[in-house]
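J.: So you can see what is in the structure, the chains are spelled out below.
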Amino acid sequence: MGTVTPDVEIRLFKSVLRLRRAEESLAALYSEQEMRTPTHFGVGQEAVASGVCEALLPDDVVYSHHRCHNHYLAKGGSVAGLAAELYGRETGCANGRGGSVHLTAVDKGFVVSSAILGQTIAVATGSALAFQMDRSSRVAVTFFGEATCEEGVFYESMNYAALRKLPVLFVCENNLYSTESPLSTRQPTGTELCERARAFKVTAEKVDGNDTIAVFEAATRAVESIRAGNGPVFLECMTYRWREHVGPGFDHELGRTYRTKAELDKWIEHCPVKLAGERLQSRGIASEAQIARWTEEVESEIRVAVLTAKQAPWPEAQNLFDNIY
Amino acid sequence: MGTVTPDVEIRLFKSVLRLRRAEESLAALYSEQEMRTPTHFGVGQEAVASGVCEALLPDDVVYSHHRCHNHYLAKGGSVAGLAAELYGRETGCANGRGGSVHLTAVDKGFVVSSAILGQTIAVATGSALAFQMDRSSRVAVTFFGEATCEEGVFYESMNYAALRKLPVLFVCENNLYSTESPLSTRQPTGTELCERARAFKVTAEKVDGNDTIAVFEAATRAVESIRAGNGPVFLECMTYRWREHVGPGFDHELGRTYRTKAELDKWIEHCPVKLAGERLQSRGIASEAQIARWTEEVESEIRVAVLTAKQAPWPEAQNLFDNIY
Amino acid sequence: MRELKYYEALSEGLVQAMERDSSIFVTGIAVDYASGIFGSTVEATRRFGPERVFDSPAMENAMTGICIGAAAMGKRPMMVHPRNDFMFLAFDQLINLAAKWRYMYGGNAGSVPVVVRAVVGKGWGQGATHSQSLQSLLAHFPGLQVVLPALPQDAKGLTIAALQSNAPTVILEHRTLYGISGPVDEAYVPTPIGKARVVQEGTDVTIVATSFMVIEAMRAAEELAKEGVSVELVDLRSIRPLDEETILSSVRKTGRLVVADTSWELCGVVSEIAALAAEKAFHSLKAPVRRIALADCPAPVSMSLEAAFYPKASTIARAVLATLGRTHSHLGDIDLADDFKGPY
Amino acid sequence: MRELKYYEALSEGLVQAMERDSSIFVTGIAVDYASGIFGSTVEATRRFGPERVFDSPAMENAMTGICIGAAAMGKRPMMVHPRNDFMFLAFDQLINLAAKWRYMYGGNAGSVPVVVRAVVGKGWGQGATHSQSLQSLLAHFPGLQVVLPALPQDAKGLTIAALQSNAPTVILEHRTLYGISGPVDEAYVPTPIGKARVVQEGTDVTIVATSFMVIEAMRAAEELAKEGVSVELVDLRSIRPLDEETILSSVRKTGRLVVADTSWELCGVVSEIAALAAEKAFHSLKAPVRRIALADCPAPVSMSLEAAFYPKASTIARAVLATLGRTHSHLGDIDLADDFKGPY
Ligand SMILES: Cc1ncc(C[n+]2csc(CCOP(=O)(O)OP(=O)(O)O)c2C)c(N)n1
Ligand SMILES: Cc1ncc(C[n+]2csc(CCOP(=O)(O)OP(=O)(O)O)c2C)c(N)n1
Ligand SMILES: [Mg+2]
Ligand SMILES: [Mg+2]
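The listed protein sequences correspond, in order, to chains Y, U, Z and A. Its first residue numbered 1, the first sequence is counted upward by one per residue in the UniProt record's numbering. Its first residue numbered 1, the second sequence is counted upward by one per residue in the UniProt record's numbering. Its first residue numbered 1, the third sequence is counted upward by one per residue in the UniProt record's numbering. Its first residue numbered 1, the fourth sequence is counted upward by one per residue in the UniProt record's numbering.
It is worth saying that the hints were derived from the structure and are not from the lab. This list has only true hints and no planted wrong ones.
Derived lysine-lysine pairs resembling DSBU-like cross-links, with alpha carbons at most 35 Å apart: (1) K195(Z) - K312(Z); (2) K14(U) - K165(U); (3) K280(Z) - K312(A); (4) K312(Z) - K286(A); (5) K165(U) - K165(Y); (6) K195(Z) - K226(Z); (7) K253(A) - K226(A); (8) K274(U) - K261(U); (9) K312(A) - K253(A); (10) K286(Z) - K195(A); (11) K280(Z) - K253(Z); (12) K14(U) - K310(U); (13) K5(Z) - K261(Y); (14) K310(Y) - K312(Z); (15) K286(A) - K253(Z); (16) K261(U) - K165(Y); (17) K261(Y) - K165(U); (18) K253(A) - K286(Z); (19) K312(Z) - K195(A); (20) K274(U) - K310(U); (21) K253(A) - K286(A); (22) K206(U) - K206(Y); (23) K312(Z) - K226(Z); (24) K206(Y) - K165(U); (25) K280(A) - K253(Z).
Could you put together the complete structure from these sequences and hints?
T.: If you want it as C-alpha cells, here you go:
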C-alpha cells in the first residue's frame, strides 16, 4: 500500500463516513416531501468519490452527473450548501435554482454536476484543454455512470482527449444498472469498458469501487500519469447503488423486481464504509471510540446544516430573472 | 482466392470500370457549372463499393454518405438517374430534390445516402433491426468515411448492433483525410479503428480498399458471418481520394498543400481499376480488346445518360410542395 | 361515455393500434419497466412482450436513426423519451433526416413513419433541463408533425392517428396531464392531425391554448363565466400542421384573442397564433392580442420561484379581462395547488 | 469610411479581439485551412497560429461541451460550424447546458462565454440539410444570445461584442453575405447586442428584416422609393435579446409592418415580430401585418425549385404594396440572378 499513510487512511474513512451519514440523513428527511427536487442518492458508492478526490489537489476540478452528492461532498462541498439546495433555499449551493442534480462549489474545485447524461464528460475534457493551453498542471475529473458509456459524447470526448493528451480523468462508476435496466440489456455480452478506452488510446484500469484504498491508489497512479503528460486515464470502479434510482426508498420495499434483495445484501456486506472502518481498526489506526467520535462530528455538521437549511429564506419571486445572462 | 470465380472477377472489374468512367465523365462535365449541387467525387475509391456490393444479394440494402456515387452505382443505381439528379431534373433519382449527396434507388437496394456525417450508420442499423425482427436473412450495409468514426453516433450504433447481434455491415472507407484534415489532427497516434470495433464486440477486419478481390473476399466472409447470426462486422478499407474533397478539381492543381502530389501519385500507381484490369489480363480472363469493348459499353451508357439528363424536364415550381408528408 | 385517465387513454390507443398493425414496435429508455412510462406502456408490454416493446440503452441520437431505418423497411417504430429534453440529442436524426426524408428523395425512398412520444415535465423542482416543452422548435420544420394532446380523448386519438400516419410525428405529453380523467371513445378512432378542437363555444374572447394550458384555460373560462364573460376555448392539439381555419374563424367571431402555451414566448407557439391573427384576421381584431407563456428565464427549482415561473388559470383569466378592457374583477382564487409528489 | 467585404470584417473583428484578449481561441472543422471559413479565419490563423486557431475532428456535440468546459476555466472559445445545420448535433450542450449554466447554478459557477459562429447556406443545390437557418429555434431559449449580422460593419461589431459578452452567443452568418462590401469602422467597436439598426428611415411602411433579407429589403426599398413609397427598414441584428423598442416605435410611426426572415414562418422570427406588433403596437396598425419567409417545404435542390423556394426583393416589394392596398405597380425586375458558383 505504498502511498497510503495512516493519515490518508483516516481521511479516506472520514470522507466515506461523512458522505454516508449525509446521504442517509437526507434520504430519511426526503420522505417529508419538503425537498422538492428529484434526488439520486449515492449510498453504497461513496468510496469512488472519496478515493478519487483524496488523490487530487485543491485546484484540480471535478464534474459530476445526476448522482452527484458524493462527489460534491468529497471535493469539499458543504453539507449546508447541499441541504439548503435540496430544500430550495436561497442559501443553497446553487441558490435554489439548481436542485439536487445541479450542484456547484467552485471554490472547492467542484465545478458543476448536470442531469443530462454525458454532458460533463465533454465539459471536463474542455477544462482539461484550458489547463493544457495554460501549461498548468491541474487535472480535470469527471464522474459518470456506466450507462453514460452508451452515449456517443463519451467516445467523442475520449478520442479528443487522447488525440491531444489532455489532463483529464474519466471516472466511471459501474453500478450495474441504469435506472432499472441491467447491463445485459444495454451493453454486449463480455463488454469490458476498459478495452473500449484502450482502443481509444486512453490508459484504463478497473478497480473495486467499494475499496477506498484501491480507488485512491488507482486514482493516484492515474493523476501522476496525467500530470506527467501521458494523457487521459479511464478508471472503471465497480460498485452498487443501495437505494432506488431516484428517491430515498429501497427497491425491494417498493415491490420492484428488477434486482433482488439478495444481490443488494451481497453488496451491503461489501460496504465501503464498513470496509474502511474495519481496516482502520484492524490496523490499529483508529479505535471504535474514535470512530464513534468522528461519527458524532459528522452527524452534528449534518444536523446543523439541515436545521439551518429549513430556516433559510426562500428565493424571492422578484429575483426570478437574476443571472440569466 | 477460393470464392472468386472468373465470373466474379469480371463483374468486379466491370463494376469498378463503370464507376470510374461515370465519375470521370461527370467530373469533366461538372466544370460547365450546369450541375448545381455540391459533389464529392469518389474516383480512386471504387473497389470498396464494387467489392462489397458484389458480396451482397439483391435484396440486401445499402446506405451511404456524402461521397455516394460509387455505392449507388455499384448496388445497381443507373447512371441516368444519377446524371439527371446532378443536373437537377425531374428524372433524377430523387426527382431533382436531393442532389449529389441525396441519392436513392430503392428498387436496387440502395436505400439512401445522406450528407450529414454518421446519420446513415444508425439508419442502416435500424434496417438491420427490422430484418432481425422479421427473421429475414437480409443484411444492411452502411458506407462511411473514417472521419465519421469521430462522431458519437457510430459508437452508439455499434454498441446497439453488437448488443442485439444485428445483421449490419459497417464499411469504413479510410482515405486518410476529412476534407483537408489528415488523420493526425483527428485521431490519436496509433489508432486502429478495428480495435475500437472489437472493443464493442464487433468483428473487424482491415483490408486493402483498392483491391477489388480483397474487399470482395472480406465482405463475403463478413456477410456470411452476419447471416449466420454472429452479429455485426466492421470492415476498414484503406483507400485514397484522388480529386478534391468537393468538386471536380485536383488539389495540387488548385494550389492546395494539405497533401502532396507525390502521395497522390503513389496511390494512382495503386489504382483499383488498373489493378483489377491487369489481374484479369494476367490471369487470361479477359483480353485488352475485351476490356476496350467493356469500356465502350460503359462510355455509351454514360453518354446516353448525360444527353438524356440535359434534355430532361425541370421540376415545375407548382410541384414545390409535393411529398412533404 | 366511460372515463379514462390520460395515461390509460394513451395506453389504450397504443394497444389497439398494435393489435391492428404488427409493424408497430415501441422502444426507448424504460418503456418495458413495471412502471412503463407512467403507466402508458404497461399494457402494451404485457400484451406484446419484448419482441415489440423493448428497452433502449442511453443513446438518443442513434436510436432515433435506428427507428428511421426500421421505418424505411416497413416498420412503424414508436420511440419514447421519458423527458422531451433528452431529444435535443436526437434533433439531427429527427429534423435533419426524418423530417426531410420523403421530400428530399423526391418521394422515391418512401416515408419513414416514426412516432416520437416525449413527456414534458413540470414542477417538483425538475429544473431547467427536465421541464422544457419543445413544440415550437419542432413545428418550425416542414416534414414533421407535432401534436400535443390535452384531453384523454385526444391522447388516445392522436396516438392512433400518429401510428397511422406516414409522416414522422412527435407527440408531446405533459406530465401533469397523466392523472386527469375524461371521456374516451372505446372505438379505434383517430383524432385528425391538423385539426384544433373547440372545447367550448363563446362570443366575447377566443382563448387558444395547448396541452396543460387547456386545462388551466378551462378553469379560467369557468370563473370568467361567473363574471359574465363568454369564452370560446380552442385546444390547438396540432402545431404542425396548424389548423388556421378554426383559429381564424373563432377570432373573426369574437374579435379578441388570448394565447397560452406551455413554453416560452420568443418564437414560440403563442407568437405564431398571435401573428396569424394579425395577418389574417386583422380586420376583426378589436383589441391587442395577448400572449401567455413561461417567464423568460430557465426553469428554476425552488418552489417559491416555480410559482412565479409558471402561468396559471388566473394568469389567463386576468389576460382575458384585460383584453376586454376590464381591469378590476372579483376573480376568485382559481389556481390549484401543485400537488405533484416526488421523487419524479 | 473604408470598405471591407463581410468576411474581411468578420476577420478583422476576430483578430482585433484576439489581440486584446489572450483567452480567445478558435476551433471547429476547417478553421485553420488555407481557405479558413471562406476567408474569415485566415488572418487569425496566420497571426495566432495553431495554439489559438485549431481544427477539430468531426464531433460537434462533444466539441461544444469542450468549449463550455474551457469557458468555465476562463477561456473565451469561438467554435465555428461551416454550416449551421451541423449544430443540431450540438443542441444538447448548447441549449441544455451553456444557455442555462449561469442561471441554473445560481450565478455561483460563473458564466460560460462560448461564441458559436455558424454559416447559413443557400442555393447551388445545397439542399435540405445544408441550407437551414436556425435563429428562431435558438432564440426561443432564455440564456442564449442570437445575432445575425447583415452588414459588414455589424459582422465586425457583433463578432467583437460576442467575444466580449459573458453570455453564450450564436452568430449566424449567411453565406451569400460573405462577398458583399460595406463601410467598416477601423476601430475596435462592438455593435451592441440586443439593438436593432434602422437602416433607412421612412414613413409609409416598416420592413423588419434579418440577415440576407436585409439586403433584399434594401433593394426593394430602393425600387419602392421610385413608386413613391417611403420605407423604414429595420435590420433586426439580434433575435435574442430582441429590441422591442426600435421595432415598436417604427411600427407606431408607420402603422404598417412587413417582416422578412431567412427561415420558415411557423414559430419563426417573422411570427415573433408580427405578434409583437399585434400585442404592443396594435392601436397603431393600419393594415394586416405581412410575413415573408421560406416556402413551407424542405429546401429543394433543383434550380427551378430553388427559384420558387426563396423569397426575394420583389416578394418584399409586393408585400409592401399590398399592405398599402396597392395591387398594381410598375415594379421592375429587381431580383438579382443567383450568381453563386459551385462546388460549395
Ligand atoms: C441524455 C439522457 N438520457 C436519459 C436520461 C434519464 N436518466 C437519468 S439517470 C439515468 C440512468 C443512468 O445510469 P448510469 O449512467 O449508469 O448512472 P446511475 O444512475 O447508475 O448512477 C437515465 C437513463 C438523462 N438524464 N439524460
Ligand atoms: C455532422 C457533420 N459535420 C461536418 C460535416 C462537413 N463534412 C462534410 S464531408 C466531411 C469530411 C468527412 O470525411 P470522411 O468521413 O473521412 O469522408 P471522406 O470525405 O473522406 O470520404 C465533413 C467534415 C458534415 N457533413 N456533417
Ligand atoms: Mg449505473
Ligand atoms: Mg476520409
